[in-house]
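Residue numbers (this note's numbering): 402 to 637.
Hints may be right or wrong, so weigh each one.
The calculated lysine to aspartate or glutamate pairs, modelled on DMTMM-like cross-linking and capped at a C-alpha distance of 20 angstroms, are [what the hints assert, rightly or not]:
| id | residue 1 | residue 2 |
| --- | --- | --- |
| 1 | 435 | 473 |
| 2 | 489 | 404 |
| 3 | 579 | 605 |
| 4 | 489 | 594 |
| 5 | 435 | 594 |
Label-pair distances were calculated between CB atoms; the ranges are [unchecked claim]:
| id | residue 1 | residue 2 | range |
| --- | --- | --- | --- |
| 6 | 589 | 548 | 18 to 28 angstroms |
| 7 | 483 | 503 | 12 to 22 angstroms |
| 8 | 626 | 542 | 41 to 51 angstroms |
| 9 | 590 | 503 | 20 to 30 angstroms |
| 10 | 423 | 520 | 43 to 53 angstroms |
| 11 | 521 | 427 | 37 to 47 angstroms |
| 12 | 625 | 596 | 24 to 34 angstroms |
| 13 | 595 | 575 | 18 to 28 angstroms |
| 14 | 430 | 613 | 12 to 22 angstroms |
| 15 | 595 | 520 | 17 to 27 angstroms |
| 16 | 415 | 521 | 43 to 53 angstroms |
Because the hints were derived from the structure by calculation, they are not lab data.
Note that beta-carbon positions come from the ideal geometry of N, C-alpha and C, so glycine has one too.
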Amino acid sequence: MAEAVVIAENLTKVYKMGEVEVHALRGLSLQIFKGEVVSIMGPSGSGKSTLMNILGCLDHPTSGRYILDGEEVSHLRDDQLAEIRNRKVGFIFQSFNLLGRQTALANVELPLRYAGVTKGRKERARQSLVAVGLENRLHHKPTELSGGQQQRVAIARALVNNPAIIMADEPTGNLDSKVGQEIMDLLLSLNRERGTTLIIVTHDPKIAAQTQRVIRIRDGVVDDTPEAERAKMEAA
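Take these sequences, add in the hints, and give me the full structure.
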């Protein structure tokens with residue numbers, strides 16, 4: 402049986418807004434296995450973004466356990482969490498989040514810089530760009546690239562540290578349908594070729610239908626009602 406790379410047990414997250422407590426997660430549990438392609442869906446206010454922040458080591462749960470690639474990270478200090486995040490998580494955002502004054506190569510090098518890698522850093526970044534089909538755009542800045550090419554740079558940056566998981570937040574949201582499908586095809590091919598574990602947060606049922614499993618979030622927990630199960634069957 403495949404090894405679980407993400408284990409979340411009874412996660413809660415409570416935000417205090419003055420005298421009011423907002424319960425974003427209410428005892429959520431899930432597992433994601435190595436090499437899986439999983440989509441996370443849910444209506445606005447379901448806790449989907451909060452869950453992504455915790456799985457991506459951007460935030461701590463209020464209670465519960467989160468084990469990422471064999472390491473419990475639930476209660477680490479912020480600096481420890483940042484170190485784990487840099488080693489084990491690659492991020493792909495809807496808005497690309499590239500540094501405008503830096504070349505594609507320099508943007509992809511950034512996670513290696515933060516990790517203190519010096520030897521072979523530029524070559525690793527170059528290889529990552531080659532893997533996403535941008536070998537001829539190494540020295541172009543984001544303003545010189547199309548939206549699809551910018552997202553490919555972001556994917557190369559997410560891959561460069563060989564992370565345990567890649568978190569993709571609406572990765573096709575700022576792209577037209579044709580280019581968006583090209584990006585989805587690229588992500589799925591990287592999963593097949595490298596065994597990369599992909600967690601895709603999306604509102605788009607067409608994107609979710611291309612993943613191996615859909616996790617639906619509602620009211621801060623995994624929605625396993627009969628209606629949600631039917632929706633999963635239809636997506637498959």
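Please write out, lowest number first, the hints stated earlier that are contradicted by the structure.
The structure breaks none of the hints.
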